[in-house]
Each structure stands twice: as structure tokens, then as C-alpha cells.
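Visitor: Residue-level listing of the chains:
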Amino acid sequence: MNTNSHGQTLAIAGGVAAAAVLPFLSGNAYLEHLLVLWMLYALLALSLNIVIGYLGELTFGHAAFVGVGAYTSAILSTQFGLPPLLGLPLAGLVAAGFGLVIGYAALRVVGPQFAILTLGFGAILFTITNHWVDLTRGPMGITDIPPMAIGPLAFDSARPTYYLVLALVLATAYLCHALVSSRTGRAFLAVRENAPLAASLGINVFHTKLLGFVAATAIAGIGGAIYAHYIRVITPDIMGVHNVAALIIVVIIGGRGTILGPILGALVYIGLLESLRVAGPLRMVIFAALLTGTVVFLPGGLVSLWQRWRNSNKSENTQPATPTGLPSAEGGAK
Amino acid sequence: MNATANAGEILSVSNLTRIFGGLTAVRDVTMSVQAGEVVGLIGPNGAGKTTLFNMLGGSLPPSSGSIRFDGSDCTGAPSHVMGQRGVSRTFQITSLFPSLTALDNVRSAAYRTTRAGWGAAILRNAAYRREEAELRRKAMEILAFCDLDHRADTLADSMSYGEQRRLEIAIALAAEPRLLLLDEPAAGMNPEEGQRLVEMIRRIRARGVTVLLVEHHMRVVASVCDRLVVLDHGVKIAEGAPAQVLNDPEVIRVYLGREPVDA
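Note that the protein sequences, when read in sequence, are chains A and B.
Following this note's numbering, the numbering of the first sequence begins with 1 at its first residue and continues without gaps.
Following this note's numbering, the numbering of the second sequence begins with 1001 at its first residue and continues without gaps.
Worth flagging that the hints you see were computed from the coordinates, not collected in a lab.
A hint or two may mislead.
[Stated by the list, open to error] Here's a subset of chain A near chain B, in silico, CB distances under 7 Å, partners left out:
no., residue
1, Ala115
2, Thr184
3, Ala187
4, Leu189
5, Ala190
6, Asn194
7, Ala195
8, Ser200
9, Gly202
10, Asn204
11, Ser312
In this text, a Cβ means the ideal position worked out from N, Cα and C, and glycines have one as well.
Kindly produce the complete structure, drawing on both the sequences and the hints.
Guide: Written as C-alpha cells, this is what we have:
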């Protein structure tokens, strides 16, 4: 066990170091931009993973909270002159406020009904954003959003933004790791696995889900705000269904219920979509086929490849393999 | 029989009734359980045993009547409140956390007795580290108690049926309950496993846990229970020591003397 956790620490340190030097290897601005998108998707997917992976509830409303965060910070900085960096925590708070209200209503039901309710709430937020022209400028979107800055350091290009989002991804990964190794996170998993049994053990299922949902929406809001200040233009499309689908795909191909999964999934999503550009109009078809293949042959996501390898190694060495279809409780976090 | 709290009375149920549409599943049942007792709840299929259990565990509100646990009224309290007060239960159909390891099943189940939450885990403070070490030790002790310590890292859904049933008991014990409700723990077990279960229930009682169990295996019931309560069609028809109750003509008639309802 000791050697295992040492190996894990080494692997994490190596991964962080590799992520830190990546922009210097990329060589051009476009690749650096893709790296920022990777990290942004990783951040949003990590937040969505709290709901899909740890609480086991499917939500179609996540992009709406990303949008709430993006619009909050964009409006505050363009209309009230608030420094964008102050807008980030406020975007998180406002998104969490929406998450609290919507979660309070929607988490009364579970499974498909919950998923449909979140789809409905997401559509309502999209429609309001699209039509409340006085506040959001409607379909025209908000332009000229100022970039984030700390004193003389402006996050107005890809490279500094990459490091900012990388830091947030690492912080969020640590938060998730702390979550699943705490009483709170074990309650999340208990609720996912078997809600009636969790309740009989004294776990308030509704409060547990609400906490996870609000935490996820807060992180989504922060991610949305960073997106707004990085791209500097937002339109209601940020809340659209295609963004919801993208985030769900990232979590599932990476491996839900793990920490490495969403980060890896985001890399594959961004990387694959870009490298398939050579295929021209067939791009989305090939992408969809690959995605379907992953879901069918790797239901636990890319991370489960590593778990399979580890288990087969274990069975050769010491004890009988424990067959795993799903990611284990802590998955990448262990 | 009245429902006033005697010394040592941990659970008292008075005039409890549950109606589903036109069907009265449990009618006017009054019973009590003393601290430290093992009480068996028996009756033919459809007698209302599980309905009564669900009301005691808080997953089903009673239509009328009252439930007092440990001196305070908890009629209609939801499941997690009953759990927090110290009532743990197992379910008739195997019920555990399937894609977690046995160790994580037990650790997740110790929610009631742990305190260090997300914040403490982020800070990794001394209280968190101490509690995690203690939780691990306690979880391994409970797994050993249920003869599952060698399976600590095995996923629950890849265990054998007998192991899963023992893991369910380990989960219930992890909450350190004062009252344990066991719903047909011997279902599907062979006589040897049934004998092991009897031993285990005796050791659970020795830990200071009061046990109320629904069971069909008469050998298990007779050898482990101090007292039996018999339900038929939702009505309590007999109560007393096993030897006496199992020879009661009415009980024999209910069990054997008419066409089986569930054939």
C-alpha cells in the first residue's frame, strides 16, 4: 500500500509537470488555445462529474449554470466596471444560487424525471437569456468583455490563461479527492449506490444531493466566467444543448466517478475533434462512431483501461482478480 | 397491554395501522421490545411483517397509531431520522452498495458515528486523520466480526450470496445501532449458513444491540429469539416465548391448517 501511494504521488507529480511544460512544447498560438479549451472542459467536466459520477444523477442543465456564471461576470465587468477577477467568485456564487433554487425543486424526483426537469430548467434559463435583451443583449451577445488581470499580469492570451485554469483544475481535483475520502463524499457514493439503504443509515438523501448539486453548479459558474473573459464574447449559445452533450460525453468517455476521467475525457474530446478536421464533413460522424464504441466497449470510460490493467497484474502476482465493470469508489483518487 | 415506557423498553408500538387503498396491511398492532432482547416477528406471507418493518424503519408513514423509540415519539419520522436515532435495518432483497468494496461499504455506512466532513478532509487536519484511522480500524473490526475481513477489498457485487448477506449485517452494524431490524436474514441460506447466522445474531446481542427480526426459518427463530410476535392478515394473533407460541393452536392453524396463500 505504501509503495502504491508513493507511485501514485510520483505519477501525479509527473502529470502536473507535463501539463506545466505543455504550452512551451506546443509552439504555436492555436495549439495553446486548444490547451486552454482542454483545461476549461476539464474544469467543467470535473464539476459535472460530482453530479453524474458521485451522486449518480444525470443532469442536462449543467451548461445553463456555466452560462449563468459567464453572464454574471460579463455583465458585472462590462456594465459595472467590476474587475473580472472579482467577478469569478461572484459568478460562482450566483450560479450556486441558481443551483440551490433549481436543485431544491428538481431533486425531489430522481432518475429520468430529474434529468428531464434539469433539461427544462436549462431551456428556461436559455430562453430568458435569449429574450431579456436589456440585461443580456439577447442573441447579439455581450462583446468586448475585458480580460482578467492581476495587477500587471493580464490573462489576455492563451498561455497565462492556461496556467490559471490549470491551477483551478488542480484545485478542483483536490477538492474532489478530499470529498471522496471524507464522510460527506462517502454519503454521496452511498446515495448513488443505494438511496434507501443510505437513508436507513442516517444519511439525508435530499440534502446530500443538494450539496453536491450546488457545489457542481458553483464550479460550473466559475468555469463559465473564465470562458467569458478568455473568449471575450458570449452569446446565449453557451447554454445550448450541444454544450450539455459535450460535457456529458467528456465525463462518460473519460470515466465517471473518477478524478482523472473527466480531465482525460476533455483531452480526448478536444484533441479528437481537432484532429478529425482533416476528415472534413465526416468529422462528426467519425466522432460519433468512436464515442459509441467507447460507451459499448468501455462502459467505465478510458480510466477503466488502467483499472483493468492493474487488476490483471494483481491476479498474476498475488490474489484472484476482482472483476470490475464500474469504476471503483475512489477510482483515480486513490 | 399499554404503551407507557417501562424501564428498559427501547421500542414501543401502539395501535399501529397501515392502510393501502382498501387493504389494511397492518391493523392495530401493539407490541414492545425491551433493550437487549432478540424478538422474532413471524407470520405467513402477506401477514404485514415487512409493512410493519418499513414503518419502524421510517420508510413508510403509518396511517394511525404511534411508534416510540428510546422514550421519544418518532411516529412518521423519515428513514434518515430513524437511522440517526439508532435504528438500522437490513432489507428482504439483498441491499448493499454494489460497486464499492466491502471496506467502503462499511465505511460509507458509518455515517452516523463519524464527524469529519468535506472541510476537514480538505484541510487534512489532525481530527480528520485520527478519525479516518479509527474508522478504518473499526470497519475492519466489523468485517472481521462478520467473517469478511479477508474480503475487504472485494467489490460487493462480486461476492457470493452468503457473503453479501453478511455484508448487509456489517453495514447495519457500522452505524452502531441501538435497535437492529433484520428482514429475513436467513432467506436463501442453507442449514449450515443458517446456523452461522444464529451464532452471529447471538454475538450481535452480546455487543449490546437489540434485535427485531422477521424470519421464516423456524429453526433460526426458535433458537435465537427470546420472544416471538405472530402476525396474520396484519393482526397480532400471539406473543410469547418461542416454545409456547410455536405450540399455540391458532399459530399452527395459521401456518399449516389452511390452503397456502402463496402457492
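Visitor: If any of the earlier hints don't hold here, list their numbers in rising order.
Guide: 1, 7, 11
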